[in-house]
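Engineer: Residue-level listing of the chains:
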Amino acid sequence: MSKAIADLDFFGVERDTCSKLQFQKFLEPQKSFRGVQGAISKINPQLLKNLIASGTTFSEGNRQEHLLSSPSTPAVNQNFLRTLPVLIPVARSTSEIPPESAQLTIFYNGTVRVFDVPSDKAEIIMNFAQTELPAPKLVASSSKEAGPFDNLSGADLPIARKHSLRRFLEKRKERMTLVSPYDLVAACGGQEDKDSVRS
Amino acid sequence: MANPHLNRVMSFGITDEALELVMAYIHDPRDRDAVSRVCRKWYEIDALTRKHITIALCYTTSPERLRRFRCLESLKLKGKPRAAMFNLIPEDWGGYAGPWIREIAESFNYLKALHFRRMIVEDADLELLARARGRLLQVLKLDKCSGFSTDGLLHVVRHCRWLRTLVLEESYLVERDGQWLHELALNNSVLETLNFYLIDLSKISVRDLDLLAGNCRSLVSVKISDCEILDLFYLVGFFRAAVALEEFGGGSFNESAEKYSLISFPPKLCRLGLSYMGRNEMSIVFPFASQLKKLDLLYVMLDTEDHCQLIQQCPNLEILEARNVIGDRGLEVLAQSCRRLKRLRIERGADEQGMEDEQGLVSQRGLSALAQGCVELEYLAVYVSDITNASLESIGTYCKNLSDFRLVLLDREERITDLPLDNGVRALLRGCEKLRRFALYLRVGGLTNVGLGYIGQYSQNVRWMLLGYVGESDDGLLEFSRGCPNLQKLEVRGCCFSERALALAVMQLDSLRYLWVQGYRASATGSDLLAMVRPFWNIELIPPRRCVHIDEQENEVVIEHPAQILAYYSLVGQRNDYPETVRPLEPFAMNN
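Respectively, the protein sequence lines represent chains A and B. Per full-length UniProt numbering, numbering of the first sequence is gapless, rising by one per residue and ending at 199. Per full-length UniProt numbering, numbering of the second sequence is gapless, rising by one per residue and ending at 592.
None of these hints come from the bench; they were simulated from the model. Small disclaimer: the values here were computed from a predicted structure and weren't measured. Heads up, the beta-carbon is just placed ideally off N, CA and C, and yes, glycines get one too. Check before you lean on any hint, since a few could be wrong.
[Claimed, not checked] If you want the ones that stay clear, here's a sample from chain B, every Cβ over 10 Å from chain A, calculated:
no.: 1; residue: Ile14
no.: 2; residue: Met23
no.: 3; residue: Ser275
no.: 4; residue: Ser403
[Claimed, not checked] With a straight-line cut-off of 25 Å between C-alpha atoms, the simulated DSS-like cross-links for lysine-lysine are:
no.: 5; chain 1: B; residue 1: Lys141; chain 2: A; residue 2: Lys162
no.: 6; chain 1: B; residue 1: Lys78; chain 2: A; residue 2: Lys162
no.: 7; chain 1: B; residue 1: Lys489; chain 2: B; residue 2: Lys78
Kindly produce the complete structure, drawing on both the sequences and the hints.
Structural biologist: Here's what the structure looks like:
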């Protein structure tokens with residue numbers, strides 16, 4: 001069975017999906033620092049501390065990863081990539097009759113959230129998450145889309161005009177109709193001799 | 001918990017005082033961010049010494065969280081999405097300055113500069129701000145804001161007597177009278193910058209401008225509205241008094257041309273934009289054209305030939321803004337005469353027949369000439385009527401300093417010389433290594449999936465992108481999203497991507513913190529977007545709208561606004577000030 005202490009791969013060390021990206025990050029510590037920044041800023045340190053201190057139990061079928069004891073060491077930072085979506089439902093005790101509501105802890109993409117949910121809702125959430133597991137390769141579903149579409153498709157969009165320009169063009173038109181209401185071209189400052197040819 | 005041993009090691013035995021002094025030299029926000037994460041001590045010193053904060057979207061955080069920086073001197077806040085400048089966002093979408101001003105009044109004792117962009121500001125907010133912080137406030141910018149009136153401005157000018165900069169550019173406000181300008185002229189003697197450009201303020205008195213110029217000897221930049229009473233002819237006295245003036249914009253030309261020869265401009269004037277200037281009046285600029293560094297021709301009444309004639313006389317020009325009436329010929333003149341050009345923006349002129357010069361179109365011809373002649377360009381934004389891969393390659397070859405490139409292909413011409421632009425775009429992105437901002441707005445067939453993949457592959461440093469009518473299918477978007485390692489903000493318009501592909505792309509783009517989409521393959525409920533549901537990621541939908549407005553001919557014009565998606569990271573969860581036109585995406589609500 002699973003270990004008593006939770007093993008969680010916060011920083012995706014185990015899963016190196018893109019070696020090229022990793023190599024780039026190795027060469028450019030500056031960039032990887034920002035990469036760290038991107039995810040670390042989303043972790044609530046207090047919550048993290050509580051969770052690690054209290055320990056978690058696994059239900060069957062979940063993966064085991066390695067817990068990193070010093071998340072801030074530079075070597076780890078350089079290996080830092082996408083974090084794993086790991087759904088770990090936590091129940092106080094799996095053998096007891098489920099209480100009114102229990103804690104559901106979700107680790108996702110470097111973030112941690114704790115919910116109090118009744119067990120039936122927890123079941124629904126877990127099933128929902130399981131059926132929505134991402135495919136190993138992203139598959140485009142271009143022309144297979146069925147279902148009702150917006151009547152206004154992309155092709156109908158005119159190029160939007162900046163408000164300041166539109167305002168000027170309207171005002172200019174007003175000025176010109178005031179000056180010479182029947183001859184917009186002359187009032188525009190257009191050339192008198194339009195014999196020049198646009199190449 | 002703080003580890004004393006760790007702190008000392010981290011600080012290398014440097015005292016707090018010394019740390020504070022050193023940190024005072026660190027300004028870049030990313031450096032500051034890194035510094036604040038070293039340890040608790042450095043976090044606190046950063047919090048104390050941080051002078052400026054820009055919050056790119058006000059809903060990403062809260063006023064309470066800003067209290068961390070209690071010695072803040074300067075704050076910039078942005079509200080509505082950028083698309084609001086194109087009238088695509090409902091007016092009541094949000095972006096209220098009120099909560100921020102209340103916090104500023106409460107907690108920020110050192111605030112000197114405040115800049116609100118595309119936000120809703122009310123008179124009561126301005127009154128609170130002025131009363132609470134007026135004594136220290138030096139800079140106030142209400143930039144493309146709305147919701148206030150000249151009464152609110154009265155509070156500002158009465159209590160903020162040390163204001164050096166007051167900017168109201170393109171704000172939408174209710175004008176009750178011109179009293180605010182009068183009191184500004186009376187109360188203030190240190191004003192340097194005054195800007196009420198592109199606003200309909202007509203109850204101003206020109207005498208107040210004269211008074212202001214007389215009282216404020218440091219007046220350096222003045223941009224005013226273009227109402228008739230602000231005719232340049234009445235500003236003769238103003239120009240005579242404003243001896244330190246370097247920048248002027250706005251005004252109007254309603255008299256006969258010879259009357260303007262009486263104007264003598266201030267000696268240091270080098271940034272200029274005269275509204276409604278026509279060919280007959282243009283000559284008043286000639287005497288000092290050679291010292292012009294910035295020229296705004298967006299709101300002038302000149303044709304292509306006039307542009308050529310004027311630009312030829314400005315060898316020191318660094319910034320130019322014009323409509324596409326400047327034409328390919330204008331760009332060729334620019335390439336020959338203005339070698340120091342750093343920023344060029346070419347906007348779209350009128351579409352209707354006869355409103356603009358026939359020559360007034362920009363194409364690959366002008367772009368190629370420009371690239372070779374103006375190699376110091378850092379910013380290039382252009383609306384073109386025709387384009388080729390070769391001209392984009394030229395830009396990649398010659399404009400090595402380009403950090404911001406935006407191209408829109410107009411839709412009037414049916415046939416474009418050289419599409420798709422895959423290779424040209426690739427060459428440009430590979431050549432312009434400093435590129436941080438990139439916009440490409442084409443049409444169906446303008447860029448294939450391969451081209452879209454190139455954008456992903458070769459835009460290592462790009463942080464903001466606008467993509468319009470690019471790619472052929474979801475495959476292209478997914479390929480694109482495998483790249484763009486630094487893309488933080490993405491705007492997509494008129495593309496054929498499905499909700500599912502958009503959601504998957506979001507999950508792939510590691511640095512993405514903001515997404516705006518309009519014109520996509522929407523489903524009835526938006527349920528495919530669930531693939532991008534995650535903590536701290538707010539998703540808003542603006543369902544399709546139909547707006548009716550009355551145009552100048554008293555006709556009813558119906559404008560269809562397709563659905564929009566707006567998604568962004570936030571530390572504070574969903575906002576609670578949604579109008580009816582906006583629907584937050586709540587994943588569990590979908591199943592009810």
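Engineer: Would you list, in rising numerical order, the hints stated earlier that this structure does not obey?
Structural biologist: 3
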